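J.: Assemble the complex: chain A is given as a structure, and chain B with the ligand must be docked to it using the hints.
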Amino acid sequence: MELTHEEILRYSRHLLIPEVGLRGQEKLKASSALIIGTGGLGSPVALYLAAAGVGRIGLVDYDVVDASNLQRQVIHSTSAVGQLKVESAKRRLLDLNPLIQVDAYNEPFTSSNAIKIAKDYDVLIDCTDNFPTRYLTNDLCVFLGKPNVYGSIYRFDGQASVFFAKEGPCYRCLFPEPPPPGLVPSCAEGGVLGVLSATIGSVQATEALKILLGIGSPLVGKLLLYNALDMSFDFVTLKKNPKCRVCGPNADVTELIDYEDFCGVPSHDHDKGSAGADWDISALDLHSRLDSTPNLLLLDVREPHELVISALRGATNIPLGQLAARLSELDSAREMVVFCKSGTRSTRALELLASAGFKKVENLKGGINAWARDVDASLPIY
Amino acid sequence: MPTVRIPTALKYYVDNHSEMDIPASSVTELLAALATRYPSLKFHLLDSDGNLRRHFTVFVNGEHIRDLNGLDIALGPDDKIILLASAAGG
Ligand SMILES: [Zn+2]
Chain A
1 MELTHEEILR YSRHLLIPEV GLRGQEKLKA SSALIIGTGG LGSPVALYLA
51 AAGVGRIGLV DYDVVDASNL QRQVIHSTSA VGQLKVESAK RRLLDLNPLI
101 QVDAYNEPFT SSNAIKIAKD YDVLIDCTDN FPTRYLTNDL CVFLGKPNVY
151 GSIYRFDGQA SVFFAKEGPC YRCLFPEPPP PGLVPSCAEG GVLGVLSATI
201 GSVQATEALK ILLGIGSPLV GKLLLYNALD MSFDFVTLKK NPKCRVCGPN
251 ADVTELIDYE DFCGVPSHDH DKGSAGADWD ISALDLHSRL DSTPNLLLLD
301 VREPHELVIS ALRGATNIPL GQLAARLSEL DSAREMVVFC KSGTRSTRAL
351 ELLASAGFKK VENLKGGINA WARDVDASLP IY
Chain B
1 MPTVRIPTAL KYYVDNHSEM DIPASSVTEL LAALATRYPS LKFHLLDSDG
51 NLRRHFTVFV NGEHIRDLNG LDIALGPDDK IILLASAAGG
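Heads up: the protein sequence lines correspond to chains A and B, in order.
With my numbering applied, the first sequence has no gaps in its numbers, which climb one by one up to 382 at the end.
With my numbering applied, the second sequence has no gaps in its numbers, which climb one by one up to 90 at the end.
Bear in mind the hints are in silico, worked out from the structure with no lab data behind them.
Keep in mind the model is a prediction, meaning the values are calculated, not measured.
From the three backbone atoms N, C-alpha and C, an ideal C-beta is built for every residue, glycine too.
Keep in mind that the hints are not guaranteed to be accurate.
In silico negatives: residues of chain B with every beta carbon more than 10 angstroms from chain A [to be verified]: (1) D15; (2) M20; (3) D21; (4) I22; (5) A24; (6) S26; (7) T28; (8) E29; (9) G50; (10) G76; (11) D78; (12) A85.
Derived EDC-like pairs (lysine to aspartate or glutamate); straight-line CA-CA distance at most 20 angstroms [stated by the list, open to error]: (13) K11/B / D230/A; (14) K42/B / E351/A; (15) K11/B / E255/A; (16) K119/A / E255/A.
Chain A with its partners taken away, still in its complex shape (with noise of 0.2 angstroms):
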């Protein structure tokens, strides 16, 4: 695919290194890449893709922008709170670079629509903030022998590898099972460091950038540890696990399955806030609750420096992760309320308690955020 002279002046700086040139310039112009999720990691990878000249990407999202997005995600900007992530990114990819074709697909990544979405990429990027859209992301490209360039990131740790089951280990050789549901956190529960997004975004970007110009050693076999308050990089080794479900020689998994239902949990890391309706109260009605039972027990399930941010006078912390531990500092006859950020963490907490043999628990829905909007807006939400 030649490029115009328009083309070769934006993209001289990289037709100057040999190992790019007008001919790898001119793969870029031919070559496609689908990204997944255009959250913290999409961002850096989708600006540097588009501004790389590579031809054709495509963006899935069905999420809008929040403005607790903006921390991390740079490819929106606040006027775009609101917005379709994959609208407002297309609209930031074609102002940095009108000469590439962005595809933006408004719609949750799922086993019906993802063989249809992918078959015509030439790479796929795993940008995604969730275990279902991680492992359909995998055996969609073990099943298409796509190569899956791969990044995780939670507060300062960073993951970067590329699976490639043609040539060397996947995901599933990697890590066989999902994590039992709610015991690994995700960032909207225990955050993430903005710009850890980038470093770790920017390595798959590169990665996906070399195997389109087919040029230097990929991150095939190998898995990148990175460390932001050490300023580590760690490599380890990956081989393929003769044993692996989906790319091993006695491979039972052979078609796209139900992510949602093999992890245990919906494909977003949005926060549900609920732990059904027999265990929830309303912010509302807990409002009105505290009025008529003095004696109602708040527990605080949120870690210590939550605490500054937003707290509800009187009430007790334990964090989540104690509470197991300190369970016979709760009397289990006093009627309770649990609450956390936005409702997650204490529906844990409630199992764990109604486990233990605890009736009179309740769950505080949408946590002390649903508190701060529907009941104090003097306080914040966050």
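T.: Leaving out everything else, chain B with the ligand in the frame of chain A:
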């Protein structure tokens, strides 16, 4: 003494250490010693049968334990162990 690197997600349960020296002659022993030293870590690390939960994986000197001798691999004083947790964030 072998050194073990703790994933960020578990630091909270080990007094915020990211790395520590643990006297142990195998990975199995090392995991058991960690769980004994930090009781609140145990539930997160081991399942009800005492096995390492499947979303963790262990590397010894950069090699996956599956390619070594599994969790029973013998550890020497200079060995560097990485305990890796799967993370979905993006
Ligand atoms: Zn595999």
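J.: Compare the structure with each hint and give your call.
T.: Right, here's what the structure says about each hint:
no.	hint	verdict
1	D15	holds (12 angstroms)
2	M20	holds (14 angstroms)
3	D21	holds (16 angstroms)
4	I22	holds (18 angstroms)
5	A24	holds (20 angstroms)
6	S26	holds (19 angstroms)
7	T28	holds (19 angstroms)
8	E29	holds (21 angstroms)
9	G50	holds (15 angstroms)
10	G76	holds (18 angstroms)
11	D78	holds (16 angstroms)
12	A85	violated (7 angstroms)
13	K11/B / D230/A	holds (14 angstroms)
14	K42/B / E351/A	holds (18 angstroms)
15	K11/B / E255/A	violated (38 angstroms)
16	K119/A / E255/A	holds (14 angstroms)
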